[in-house]
Amino acid sequence: MQSMNRKEPQLRRISSIESINKRKQEAPNIAPLGEISAEKIGRLFGQKTPERVIKTDPAPSKIKYKIHRMWLSPIIKRTICFGLPTLLMFMFGTYFLSNDNLRLKFNNVFEDAKLNIQARPEFQIELMKIEGASEALAMSIRKSLKLNFPVSSFKLDLLELKNKIQDMQEVKSASLFLRPGGLLEVDLIERIPLIIWRNGSSLEMIDSEGEISGILASRLDRLDLPLFAGDGAKEYILEALNIYKVAEPISERLRGLRRMGDRRWDMILDRNQIIQLPEFEPINALKHVLVLNSSQNILSRDIVTIDMRDTSRPVLRLSDAANEIIRTSELME
Amino acid sequence: MNTLYENQRTMRQKRRAALQRGVVAILDVGTSKIVCMILQFDPSVQINASEGIGAIANHGSFRVIGVAKTRSRGVKLGEITQMEETERAIRTAVQGAQKMANIRVDHVMVCFSGAQPKSYGLAGDVQVETGSVTNADIGRVLASCDTPNFGEDRETIHAMPVNFALDQNPSLSDPRGQIGHLLSVDLHLLTIDARILRNLITCIKRCDLELAGVVSSAYASAISSLVEDEQELGAACIDIGGGSTSVSVFLRKQMIFADSVRIGGDHVTSDLSSGLQIPRNTAERIKTIHGGVIATSMDDREMIDVDGQTGDWDHDRRKFTRSEIIGIIRPRIEEILEEVYHKLQAARFDTLPSQRIVLTGGASQIPGMEGLASRILGQQVRLGRPLRVHGLPQAATGPDYAAPVGLALYAAHPQDECWDFDLPERRMGAMPMKRAMQWVKNNW
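In order, the protein sequences belong to chains U and W. According to this note's numbering, the stretch in the first sequence is residues 1 to 333, in order. According to this note's numbering, the stretch in the second sequence is residues 1 to 444, in order.
No wet-lab data here; the hints were simulated from the structure. Every residue gets a Cβ at the ideal spot worked out from N, C-alpha and C, and that includes glycine.
Going by beta-carbon spacing under 7 Å, a handful of chain W positions derived as facing chain U:
#1 ARG88
#2 ARG91
#3 THR92
#4 GLN95
#5 GLN98
#6 ARG104
Ranges between beta-carbon positions, derived for each pair:
#7 W:ARG198 <-> U:ARG78: 36 to 46 Å
#8 W:PRO414 <-> U:TRP71: 25 to 35 Å
#9 U:PRO85 <-> W:LEU383: 49 to 59 Å
#10 U:LYS62 <-> W:ARG280: 22 to 32 Å
PhoX-like cross-link-like pairs, simulated, lysine-lysine; straight-line CA separation at most 25 Å:
#11 W:LYS99 <-> U:LYS62
#12 U:LYS64 <-> W:LYS205
#13 U:LYS155 <-> U:LYS114
#14 W:LYS14 <-> U:LYS66
#15 W:LYS99 <-> U:LYS77
#16 U:LYS146 <-> U:LYS129
Okay, chain U solo, but in the shape it has when bound (with noise of 0.2 Å):
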């Protein structure tokens, strides 16, 4: 080979002085040689070290190929992934049950976990909000239902709550929300009582529905509806209205409507007057009664009863008191 000893031309000899000082210069924090390890003195003098390869034996040792093979044969393999999980757990599974001690103390510990987190303030109830009814009605409500609050919101059975508004009377419909914050909202919808039937002792307010929708202690807690009484009334409701209606004018001295016979109806008022209406077209015999009464005055006269039963011909009936009096005039005269 005539190319073995190629030299690379060399254009001037540095002294070994001259090049340490350089190399100084280069590398300021020079350390004796001791100190640093082959590689940097290599990298410091422009020397190449061999290079350290660190051998290492790809082969698997015996110990560890019969591992491998065994772990790869699927009965261990299936062995150590289910069998032995399962075991565990099955065993584990037996000492619980079996250990009524532990198995308490598990409980308790569960249940504490439960209350604990129960009793955080984020699921607190802390009011109650009723929209959509009268004062009286919800303080009625917030009565029956006896919550303390604040109360946990697991501890609430919205449905039960829900059921047990719906069941007052005065309740049309009602939905319930817990909304954040710890409110409690009660959205309701009353009944509007539309009239007063007077059912034996007992006055009953009475819905368009038909529905009760609340009892009377007295007459005069409200005036502003109609009262009617008397045995059928319930089912001639709208007869009854629309007789109410032409009433308007003595609507002062109204006091209600009786049904009489369950067949037709008397009009009652103040100073124990009465009209007795007829069965077949009344309103026609009351706007009668009406005319008599705007030109003369009929009803406020000493009157007890106007007997309208006979249409083409009313009956009056005085009081004892005016009777006496006619009598001792005639008997004047």
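Please build the complex by placing chain W on the supplied structure of chain U, with the hints as guidance.
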């Protein structure tokens, strides 16, 4: 030959058991690398295979699910020289392949190129007993071949019936069921050095693997790189490996000759290493990157750096032209090819109807190899690559994988050999007792 016959029969049984399980490993113990391939056999294709052989020697029936290659250690000239090292290398390869396949293999088929294979052509004839040829007749005719005295320490690795003749019909591949009187057979016997085979078997046993077959790599690489008509009309497959070069000659789809030349690519590397005074690793790298066998004037100008790590600046900064490197490689390659030529001459390759030569193996990838080989061996030279098989990674499809791929094909569809037929028991009587004792001794 009887114990060997039994050995081979048990290996066949193990191969059948492996196929039943569906997984078998292929191990190619070479001088420069050890390859392990794990094959998974598809049972549905196996069913078809029982009816008849599938297309292209049944090679659709399996799939390669794991391949691992490792640098071979302790192997020289295709023979194990350091058992421990080789065992480690085999473990590395097998574990790598198992890891890739995620499956455990127990059965392994091995091929190797060393151990000085020698071919014998035997002939035997026998009278057909029942009028038509049966399996028993074939067994008898195979047993009637007079075995040459090839020495105590040699064992038969292949004993293939190459050709049958029945009365006047000189070439039958399968005479079973045919009617005739005189059945004769040509048997190709391949023997190798038994001690080397025993070393290999010990290595495999130490890796907890069971041997399901041993194949000469000359045969294996020919199966994968010769195409069907080449096998039919006559061709030679030359597998230039690391430590040895194996030669096999095929005619009528049967191997009729196999031999090996104990020179290979590693010798080229050591030539370069000593010639240029560089380490073997560097020499190997230069050989694979810049190697060649035909120099042109362009190569005089192509300078190649040799990185040394001796610390001597002059020594480490040398440069060589590519033609210098070719000048070292070429004589060695020529030597290999000339040796191969002599082997082929000895096998009377020139009398075959077609004289196709297929070069394969790692060293056949040197540029210009084809041209050089055609000058020495004959005009019909081509470079062979192994057949495509399912699931083989791209990296493992080069000519250096010819032997393992061929072995995989062989595992799927082995050639019928002597031990596939029931040979008539020559000495009845005391034998069964003796064999039972032997079995107890071997196994306890």
